[in-house]
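Participant: Start from the sequences and build out the full structure, keeping to the hints where you can.
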Amino acid sequence: MQFNSYIFILAFLPFTLIAYYQLNRRGWNVGAKILLLLLSLVFCGYFNYKYLYIIGASILINYAFSRLLADPRRSVAAKKWLLFTVISLNLLILFYFKYFNFFTENVNLLFQTSFALKNLILPLGISFLTFQQIAYAVDSYRGETAGYCFLDYAVFAAFFPRLIAGPIVLHGEIIPQLNESRNHRINYENFSYGLLMFAVGLAKKVFIADFFAGAVSWGYASVGQLTSLDAFIVMLSYTFQIYFDFSSYTDMALGVGLMFNIKLPTNFNSPYKAVSIQDFWKRWHITLTRFLTRYVYIPLGGNQKGRLRTYVNIMIVFLVSGLWHGANWTFVLWGFLHGLVSVLHRRFQTGWGRIPTVLQWAATFLFVNIAWIFFRADSIKQGWAIINRMVEWQAPAVSSGLLASFELPVITGLESLLKIPMPSSLDMLLFLAFTFVITLLFKNLQELEFKPTSTNAVWTVILLVSGIFSMSAISAFIYQKF
Amino acid sequence: MEPKKWTKAVLGAATAILLILMALNAVIDPFVQYHSPLPALEPYYTFSQEYAMYWLIGRARHTPAEGAVLGSSLSNFISSNKLSQLSGKKIVPLKKSMGRPDVYTLFLRESFKRNRLQIVYYEITFPHLSEKYPEEIPRYLYNSNPFDDVKYLLNKEVLGMSTYIVSGWASDALDTNHKKQRERQAWNRELFEVDRTQLSSHYSTLTVARSLYVRHNKVADKHSVIAYRANASEAVEKNIIPFLEKYPHTRFVFIVPCISILNTYDQVREGTAGDYLGIYKDLMLRLLQYDNAEIHMFSDVEGFVDNLDNYKDRVHYCPAGGDLIIDGLKSGKYRITPQNIDQRLAHQKALAERFQVSFLKEGFKGEDVLALNRQLIALGYDCPATVEYDKRTTAAVARFQADYHLPVTGIATADTQALLQELSRQTTDPHSGANPRRSSQ
Chain A
1 MQFNSYIFIL AFLPFTLIAY YQLNRRGWNV GAKILLLLLS LVFCGYFNYK
51 YLYIIGASIL INYAFSRLLA DPRRSVAAKK WLLFTVISLN LLILFYFKYF
101 NFFTENVNLL FQTSFALKNL ILPLGISFLT FQQIAYAVDS YRGETAGYCF
151 LDYAVFAAFF PRLIAGPIVL HGEIIPQLNE SRNHRINYEN FSYGLLMFAV
201 GLAKKVFIAD FFAGAVSWGY ASVGQLTSLD AFIVMLSYTF QIYFDFSSYT
251 DMALGVGLMF NIKLPTNFNS PYKAVSIQDF WKRWHITLTR FLTRYVYIPL
301 GGNQKGRLRT YVNIMIVFLV SGLWHGANWT FVLWGFLHGL VSVLHRRFQT
351 GWGRIPTVLQ WAATFLFVNI AWIFFRADSI KQGWAIINRM VEWQAPAVSS
401 GLLASFELPV ITGLESLLKI PMPSSLDMLL FLAFTFVITL LFKNLQELEF
451 KPTSTNAVWT VILLVSGIFS MSAISAFIYQ KF
Chain B
483 MEPKKWTKAV LGAATAILLI LMALNAVIDP FVQYHSPLPA LEPYYTFSQE
533 YAMYWLIGRA RHTPAEGAVL GSSLSNFISS NKLSQLSGKK IVPLKKSMGR
583 PDVYTLFLRE SFKRNRLQIV YYEITFPHLS EKYPEEIPRY LYNSNPFDDV
633 KYLLNKEVLG MSTYIVSGWA SDALDTNHKK QRERQAWNRE LFEVDRTQLS
683 SHYSTLTVAR SLYVRHNKVA DKHSVIAYRA NASEAVEKNI IPFLEKYPHT
733 RFVFIVPCIS ILNTYDQVRE GTAGDYLGIY KDLMLRLLQY DNAEIHMFSD
783 VEGFVDNLDN YKDRVHYCPA GGDLIIDGLK SGKYRITPQN IDQRLAHQKA
833 LAERFQVSFL KEGFKGEDVL ALNRQLIALG YDCPATVEYD KRTTAAVARF
883 QADYHLPVTG IATADTQALL QELSRQTTDP HSGANPRRSS Q
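Quick note, the sequences are listed as chains A and B, same order. Each residue of the first sequence is one higher than the one before, counting from 1 in the working numbering. Each residue of the second sequence is one higher than the one before, counting from 483 in the working numbering.
Be aware that a few hints might be false.
[Said to hold, decoys possible] No more than 25 Å apart at the CA atoms, straight line, and that leaves these computed lysine to aspartate or glutamate pairs for DMTMM-like:
#1 B:Lys595 - B:Glu727
#2 B:Lys564 - B:Asp809
#3 B:Lys847 - B:Asp809
#4 B:Lys638 - A:Glu407
#5 B:Lys487 - A:Glu447
#6 B:Lys633 - A:Glu407
[To be verified] Here are some chain A residues the structure puts well away from chain B; computed CB gaps all over 10 Å:
#7 Ser88
#8 Gly147
#9 Pro299
#10 Arg309
#11 Ile387
#12 Asn388
#13 Leu426
#14 Phe442
#15 Leu464
#16 Ile468
To be clear, the hints were calculated from the coordinates, so they are not data collected in a lab. By construction, the Cβ of each residue, glycine as well, lies at the ideal position given by its N, Cα and C atoms.
Facilitator: Have a look at this one:
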């Protein structure tokens with residue numbers, strides 16, 4: 001079930017909230033948690049019921065292992081083996097569903113073999129779930145998971161607001177909140193803020209991310225005919241699309257979490273304001289960075305084993321991050337680029353500090369943009385083609401196809417109403433300018449302190465209603481000649 | 483503001499606004515999903531082709547009728563008004579550009595729910611019979627799941643149309659000038675059944691030439707013949723036969739419209755004409771097994787389908803084609819029977835075999851192109867002496883046309899070819915040694 005679907009907003013969410021608080025009100029906290037677990041499974045199974053087998057099995061296996069790991073009577077050596085086994089199992093499940101075909105393809109290519117590819121469905125959120133459960137297993141090994149019961153663990157693992165795309169949470173961030181009796185009653189301070197975040201997230205998704213999506217899919221479908229300026233705009237569009245898409249999801253997840261009195265950790269902090277690559281990774285997908293730092297970088301030795309090992313460790317972290325995003329060499333390259341620049345940044349940190357901040361920002365933003373090209377491209381070759389287009393540096397011209405994907409109904413309406421012809425690039429310029437301004441100059445939701453006022457009430461209503469009405473845009477039929 | 487009050491105000495206001503707008507969409511119902519247009523607002527409904535998939539279902543569902551005509555843009559000029567006169571029954575047009583049998587089934591099913599249709603006119607265009615409707619069909623409008631209605635009622639496009647209709651009505655109600663109102667009514671009543679622009683299109687051989695990209699060559703593709711047979715039979719069995727069986731008292735009049743001979747001509751060049759016409763025959767005989775089916779075929783009407791001046795592309799015929807079909811339905815002259823089917827299809831094949839495409843253009847290959855290139859070279863134009871009509875040939879033809887004050891198209895039309903022929907004969911004739919390049923200056 002998508003957050004931006006009618007069934008979720010109009011049926012699933014209201015029902016779950018009401019049932020959850022009604023059960024809690026009657027003192028059946030266990031019942032409320034069972035309900036939350038079952039409905040989380042419904043949420044997931046709504047995409048494809050087959051996901052449930054894998055996710056269910058994964059949760060059961062992980063809980064069993066974590067119990068074994070948490071047993072203080074077990075020897076350290078035995079625990080190490082257990083930890084190794086459970087991490088391997090998790091990675092194996094992930095590998096099978098996510099990387100089997102990628103692996104087979106590359107083996108076939110390398111050794112001229114022809115192993116058959118499998119028609120696998122990638123269970124939604126499995127990448128997030130795997131990391132979250134690995135973290136839990138490690139924490140159990142360290143003796144930090146104080147005997148949670150199965151229900152607590154299962155709700156923590158399957159909590160639907162964060163089930164399909166994070167944030168990657170740690171047990172300590174969810175389970176205590178879930179069991180806090182204060183949180184079993186509706187808290188309007190949380191609820192109102194949650195509602196506002198959900199409305200903002202929905203609007204970001206429907207009005208900004210989906211809007212850029214048109215330009216991006218146009219651009220990547222017609223790489224051959226892009227002008228230099230087209231390629232540049234398509235690059236920027238994807239940079240904004242991915243940010244608004246992902247952060248809108250997170251906003252909605254956090255908002256829904258708050259409605260249940262569960263504060264999920266922040267995932268974004270205006271990443272495009274970053275002035276260095278290190279800064280960027282502290283602001284972008286924060287919970288992933290945290291996971292990789294805690295469970296990959298530091299266990300590898302972090303920066304404690306000399307300069308060279310530090311660089312190698314950074315590189316490993318970013319390659320893992322790249323591969324985690326998807327089974328394609330484009331993601332590996334993306335991870336490699338970020339790793340390389342991170343290493344360089346660490347090496348020349350003092351010199352970097354002397355550059356004016358504006359230049360720091362510009363260089364960081366440009367690099368992030370270029371790396372996103374490979375992230376989005378279907379192949380490395382396609383990514384190169386787009387970069388080539390840009391560096392050809394032709395006379396500035398924008399294709400009409402690209403302009404068409406930026407057409408704002410408001411501008412078109414004004415044009416026909418006032419009968420004043422406006423430049424065809426006006427829509428695009430306005431929209432890009434608007435996006436730049438809100439991403440760079442405005443404080444983000446986390447920085448602003450939320451206070452319920454009548455002004456933001458009106459805005460919430462407007463965003464909510466217009467968002468809901470825009471979810472099923474009738475995809476206009478392009479009238480084709482027979 | 484207090485958080486509790488804030489939350490209640492926001493949720494209350496959002497719910498109220500959503501309900502009001504949903505009610506507006508349900509009452510105005512711009513795509514006639516639930517009811518026919520309200521009488522006072524009727525003139526303000528616009529049914530554009532862009533949203534046809536949305537309102538056609540409503541038209542099928544809510545128009546009282548005794549008969550229907552189903553078709554694609556190839557039925558644009560088969561007017562439902564004329565069919566109503568012809569049959570003496572009220573015929574509702576259910577036509578969709580890019581229409582295919584799978585969509586006709588949706589329309590027909592809806593229409594039969596309400597009406598006891600006595601006659602159904604059904605377009606069968608053989609080259610398209612094997613295809614499915616290529617665009618997305620909004621299935622939620624075609625099912626009976628009430629929860630899916632939310633997608634219609636909470637839709638900004640629908641809301642936009644509702645607002646448009648209401649504001650049109652309101653501005654006319656405030657305006658005392660009723661003339662404008664009546665004009666608008668008249669404009670809306672005028673029936674354009676699929677594509678208004680086809681009325682003002684230009685129909686000529688040159689337009690057809692511009693719309694064509696390739697000419698088939700002599701390579702038989704037996705695989706596509708097999709695939710065609712399978713898909714076309716499936717379309718007939720799944721989308722047509724069930725209706726013939728379920729409604730034995732409804733007369734089904736199948737119309738094979740007068741598309742140009744080019745399609746059969748290509749098949750002749752490929753060497754597959756016999757195969758395809760054989761399949762058409764089997765399909766038609768299958769339909770004729772039912773007493774309530776009759777077929778009228780116009781794809782072999784000599785003097786019309788072999789004259790490309792009647793077309794704007796391979797298949798779209800001029801308004802006169804519509805009259806030809808209506809007259810043919812009236813007289814029964816082009817009706818297919820098991821007795822005449824072989825002779826009619828043989829006639830179509832013979833027409834195609836005799837047919838000559840009068841022009842050559844980019845993308846064409848063949849000995850005739852080679853001859854053209856040689857003539858151009860002989861006259862001093864720069865182009866390759868190959869069997870392929872490529873960019874350079876196009877440029878050479880365009881220059882030739884400019885030099886001799888012909889319309890510059892880059893397409894070797896009949897006029898261009900005739901002049902070229904004549905001039906190159908003169909240059910090979912030693913007695914008239916005029917240099918054509920100089921003569922044009």
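Participant: Hint by hint, note whether the structure agrees.
Facilitator: How the hints compare with the structure:
1. B:Lys595 - B:Glu727: holds (16 Å)
2. B:Lys564 - B:Asp809: Holds, at roughly 10 Å.
3. B:Lys847 - B:Asp809: At roughly 39 Å apart (the allowed maximum being 25 Å), Asp809 of chain B and Lys847 of chain B break the hint.
4. B:Lys638 - A:Glu407: holds (16 Å)
5. B:Lys487 - A:Glu447: Given pair Lys487 of chain B, Glu447 of chain A holds - Cα atoms ~24 Å apart, limit 25 Å.
6. B:Lys633 - A:Glu407: Distance ~24 Å between Lys633 of chain B and Glu407 of chain A Cα, so the pair holds.
7. Ser88: Its Cβ never comes within 10 Å of chain B, the nearest being 44 Å, so this holds.
8. Gly147: holds (35 Å)
9. Pro299: holds (43 Å)
10. Arg309: Nearest chain B Cβ is 51 Å from Arg309 of chain A, so the label holds.
11. Ile387: holds (30 Å)
12. Asn388: Given a closest Cβ separation of 25 Å, the condition holds.
13. Leu426: About 22 Å separates Leu426 of chain A from the closest Cβ of chain B, which puts it past 10 Å; holds.
14. Phe442: holds (22 Å)
15. Leu464: Check fails; 5 Å does not lie beyond 10 Å.
16. Ile468: Not fine: 6 Å to the nearest Cβ puts Ile468 of chain A too close to chain B.
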